[in-house]
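Engineer: Throw the hints in and build the complete structure from the sequences for me.
Number of protein chains: 2
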Amino acid sequence: MAERRISSIDGKLAEEFAIPSHVEDVKEKMADFAMRHTEAGRRVVLITSGGTKVPLESRTVRFLDNFSSGRRGAASAEYFIESGYAVIFLHRHRSLYPYTRMFLTINMLDALQFKVTDGTAGNPSDVVVDQQMLPNIVKVLKQYQEVKEGGLLLPIEFNTLSEYLHLLKAAAQALHPIGSKAMFYLAAAVSDFYIPASEMPEHKIQSSNGPLQLSLNMVPKILSPLVKDWAPQAFVISFKLETDESILLDRACRALDTYRHQAVVANVLDSRRGQVVVVTPETQVELRLTEEEVQKGVEIEERIVSNLTSAHTKFINPVSLHLPET
Amino acid sequence: MAERRISSIDGKLAEEFAIPSHVEDVKEKMADFAMRHTEAGRRVVLITSGGTKVPLESRTVRFLDNFSSGRRGAASAEYFIESGYAVIFLHRHRSLYPYTRMFLTINMLDALQFKVTDGTAGNPSDVVVDQQMLPNIVKVLKQYQEVKEGGLLLPIEFNTLSEYLHLLKAAAQALHPIGSKAMFYLAAAVSDFYIPASEMPEHKIQSSNGPLQLSLNMVPKILSPLVKDWAPQAFVISFKLETDESILLDRACRALDTYRHQAVVANVLDSRRGQVVVVTPETQVELRLTEEEVQKGVEIEERIVSNLTSAHTKFINPVSLHLPET
Numbered sequence: 224m225a226e227r228r229i230s231s232i233d234g235k236l237a238e239e240f241a242i243p244s245h246v247e248d249v250k251e252k253m254a255d256f257a258m259r260h261t262e263a264g265r266r267v268v269l270i271t272s273g274g275t276k277v278p279l280e281s282r283t284v285r286f287l288d289n290f291s292s293g294r295r296g297a298a299s300a301e302y303f304i305e306s307g308y309a310v311i312f313l314h315r316h317r318s319l320y321p322y323t324r325m326f327l328t329i330n331m332l333d334a335l336q337f338k339v340t341d342g343t344a345g346n347p348s349d350v351v352v353d354q355q356m357l358p359n360i361v362k363v364l365k366q367y368q369e370v371k372e373g374g375l376l377l378p379i380e381f382n383t384l385s386e387y388l389h390l391l392k393a394a395a396q397a398l399h400p401i402g403s404k405a406m407f408y409l410a411a412a413v414s415d416f417y418i419p420a421s422e423m424p425e426h427k428i429q430s431s432n433g434p435l436q437l438s439l440n441m442v443p444k445i446l447s448p449l450v451k452d453w454a455p456q457a458f459v460i461s462f463k464l465e466t467d468e469s470i471l472l473d474r475a476c477r478a479l480d481t482y483r484h485q486a487v488v489a490n491v492l493d494s495r496r497g498q499v500v501v502v503t504p505e506t507q508v509e510l511r512l513t514e515e516e517v518q519k520g521v522e523i524e525e526r527i528v529s530n531l532t533s534a535h536t537k538f539i540n541p542v543s544l545h546l547p548e549t
Numbered sequence: 224m225a226e227r228r229i230s231s232i233d234g235k236l237a238e239e240f241a242i243p244s245h246v247e248d249v250k251e252k253m254a255d256f257a258m259r260h261t262e263a264g265r266r267v268v269l270i271t272s273g274g275t276k277v278p279l280e281s282r283t284v285r286f287l288d289n290f291s292s293g294r295r296g297a298a299s300a301e302y303f304i305e306s307g308y309a310v311i312f313l314h315r316h317r318s319l320y321p322y323t324r325m326f327l328t329i330n331m332l333d334a335l336q337f338k339v340t341d342g343t344a345g346n347p348s349d350v351v352v353d354q355q356m357l358p359n360i361v362k363v364l365k366q367y368q369e370v371k372e373g374g375l376l377l378p379i380e381f382n383t384l385s386e387y388l389h390l391l392k393a394a395a396q397a398l399h400p401i402g403s404k405a406m407f408y409l410a411a412a413v414s415d416f417y418i419p420a421s422e423m424p425e426h427k428i429q430s431s432n433g434p435l436q437l438s439l440n441m442v443p444k445i446l447s448p449l450v451k452d453w454a455p456q457a458f459v460i461s462f463k464l465e466t467d468e469s470i471l472l473d474r475a476c477r478a479l480d481t482y483r484h485q486a487v488v489a490n491v492l493d494s495r496r497g498q499v500v501v502v503t504p505e506t507q508v509e510l511r512l513t514e515e516e517v518q519k520g521v522e523i524e525e526r527i528v529s530n531l532t533s534a535h536t537k538f539i540n541p542v543s544l545h546l547p548e549t
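Taken in order, these protein sequences are the chains called A and B.
Converting from the first sequence to my numbering requires adding 223 to each position, the first position being numbered 1.
Converting from the second sequence to my numbering requires adding 223 to each position, the first position being numbered 1.
Keep in mind that the hints were calculated from the coordinates and are not lab data.
Some hints could be false.
Each pair may be met inside one copy or between any two copies, as identical chains are not told apart.
In the EDC-like style, the derived pairs of lysine to aspartate or glutamate whose C-alpha atoms are separated by at most 16 angstroms in a straight line are [said to hold, decoys possible]:
no.: 1; residue 1: K537; residue 2: D353
no.: 2; residue 1: K338; residue 2: D349
no.: 3; residue 1: K365; residue 2: D333
no.: 4; residue 1: K537; residue 2: D480
no.: 5; residue 1: K365; residue 2: D349
no.: 6; residue 1: K362; residue 2: E515
no.: 7; residue 1: K338; residue 2: D353
no.: 8; residue 1: K362; residue 2: E305
no.: 9; residue 1: K362; residue 2: D467
no.: 10; residue 1: K362; residue 2: D349
no.: 11; residue 1: K444; residue 2: D255
no.: 12; residue 1: K444; residue 2: D480
no.: 13; residue 1: K362; residue 2: E505
no.: 14; residue 1: K451; residue 2: E509
no.: 15; residue 1: K362; residue 2: D333
no.: 16; residue 1: K444; residue 2: E247
Note that the structure is predicted; figures quoted are calculated from it, not measured.
Structural biologist: Spelled out as structure tokens, the structure:
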């Protein structure tokens, strides 16, 4: 029964969601990345981040989207790297990016100024960053350059739901060989609905035809084959975002029950920056920032990552749980 | 009949699309901006740019969107300023922005490097732009700073369709006093469909309820009251994007016929960067870049703006058409 469901999801993926042409190349890149870092003693986390685009037309003018700036995924990537992980960052094109996210609220040209380097006529001006506008730039640029030199971050982009689904499957297969050393941190906001290619009009829907009726199918629950088939030894974290707090924990528990993965990070839209609950089959741990911490610029992602990396350690070495503390 | 339609659009706007709380402040700012520049002898163009977001839930997780990076609007703003216009840039939050758009294809942190200014211990490093990565930065930064000093660009942001509609109405009313000196360059990709607030669920739609049926109403055609009522003396340009070239010019002519404005810039999705047709009641002028021009970095927006600013001159001074050339 379970196996039938898995193969039917795999079949659906192949039939109804266009396969990106570069998926095999990307899979190889991810597998190499994972193997190299595992051999160097690092664990590897696959972070998904940003919303998915669901086209309404095959030559797409209109699409359905999910609210997500990609802030949580981008911030988490930084904390995972700080914790010693290598990160595959599977993110929506133009969503927030680790380190670079600091530029979000600023027009870069407002933060640049001319500085004449010497008196030589014809010598071009330096363009320098105004460090009053970007007070953290020295620290962040250093971190970014270290991460780049260490090859600790592998960015992979998606745009549509189809690309997301196929690239996630490829990632799961690419990380299979490293077993429990792999973590999946599925923070992307993935659409639950889509229009199958066969039912999609080719051209832009004409408004002169009157009001629009859309009939959307349910997206196959890819977490199911991911956990059971593609990366069965990995440590898998999904996210649950609701706007209605009263149903949140119930949904989170139900997801764990259905997919049998390790944890759900549950959060409510309005309070997601300061408060989440990490739900496992045995525990519900609330992580919450105080007002003071928020004002100091502490980020909830630091707490989430700290909680999950500890849990990942125990997951890899379950026996150490029973050793006496020294 | 026509008047009934106008007032019914106005009524619909007020009833079914939430009014942004800052709309009156923005209107005053736009009116001041327009008056100041008109008195200084400049014409004013209102550019709309980027796609609109149509929420599916009132606490929005999901939304409908329109494909648009905002490239056309942002590039056009620069050429209008070069042509002596002052620009109100009504754009989608985080869509491309004039001048800053040069950073689109680059990770800014890849284009920055440290430069130690002197040997003094503890003296902080300068962070400078690598001009090999951003070869135009000196030129663009100079332009940007001049525009800022001259106060030639007034940026206004929208996110949702509701914000767009109300802010465009406010802009039209704010520009009414300057009459034919105002141009409307409506390049935003505006949704044709929406879900009225009264039919919208409050909370995130649950996927466990099965497939999704969406019923979308048609967005009122705001061009109609804009041309007839809110800014009747202005020079108004709309845009028509199709994926099917065979219906493009017919749609453009039909729009001119319906709304009685001055021109439609018609373009096809796949070729829009190199080719458009400027359609007026009397003429259809094709603007097209050669391969060579594309490679040199010439932009079609330069041609569009040049065509329209000339037409605007004739529109303001129709009598000069009959003067002998000197």
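Engineer: All hints, please: hold or fail.
Structural biologist: Hints, verified against the model:
1. K537 to D353: Neither way: K537 and D353 sit 45 angstroms apart in one copy and 45 angstroms across, limit 16 angstroms.
2. K338 to D349: Both, since 5 angstroms and 10 angstroms are each at most 16 angstroms.
3. K365 to D333: Between. Shortest inter-copy distance 11 angstroms satisfies the 16 angstroms Cα cut-off; intra-copy 22 angstroms does not.
4. K537 to D480: Neither. Shortest intra-copy (21 angstroms) and inter-copy (71 angstroms) distances fail the 16 angstroms Cα cut-off.
5. K365 to D349: between (20 angstroms within a copy, 13 angstroms between copies)
6. K362 to E515: For K362 and E515, neither the intra-copy (23 angstroms) nor the inter-copy (44 angstroms) Cα distance is at most 16 angstroms.
7. K338 to D353: both (10 angstroms within a copy, 14 angstroms between copies)
8. K362 to E305: The answer is within: 14 angstroms in one copy meets 16 angstroms, while 38 angstroms across copies does not.
9. K362 to D467: For K362 and D467, the Cα distance exceeds 16 angstroms both inside one copy (39 angstroms) and across copies (51 angstroms).
10. K362 to D349: This pair counts as between: shortest inter-copy Cα distance 12 angstroms, intra-copy 21 angstroms.
11. K444 to D255: neither (27 angstroms within a copy, 54 angstroms between copies)
12. K444 to D480: within (14 angstroms within a copy, 49 angstroms between copies)
13. K362 to E505: For K362 and E505, the Cα distance exceeds 16 angstroms both inside one copy (39 angstroms) and across copies (60 angstroms).
14. K451 to E509: So K451 and E509 fail the 16 angstroms test inside a copy (28 angstroms) and across (57 angstroms) alike.
15. K362 to D333: For K362 and D333, the Cα distance is within 16 angstroms only across copies (15 angstroms; inside one copy 20 angstroms).
16. K444 to E247: For K444 and E247, neither the intra-copy (22 angstroms) nor the inter-copy (46 angstroms) Cα distance is at most 16 angstroms.
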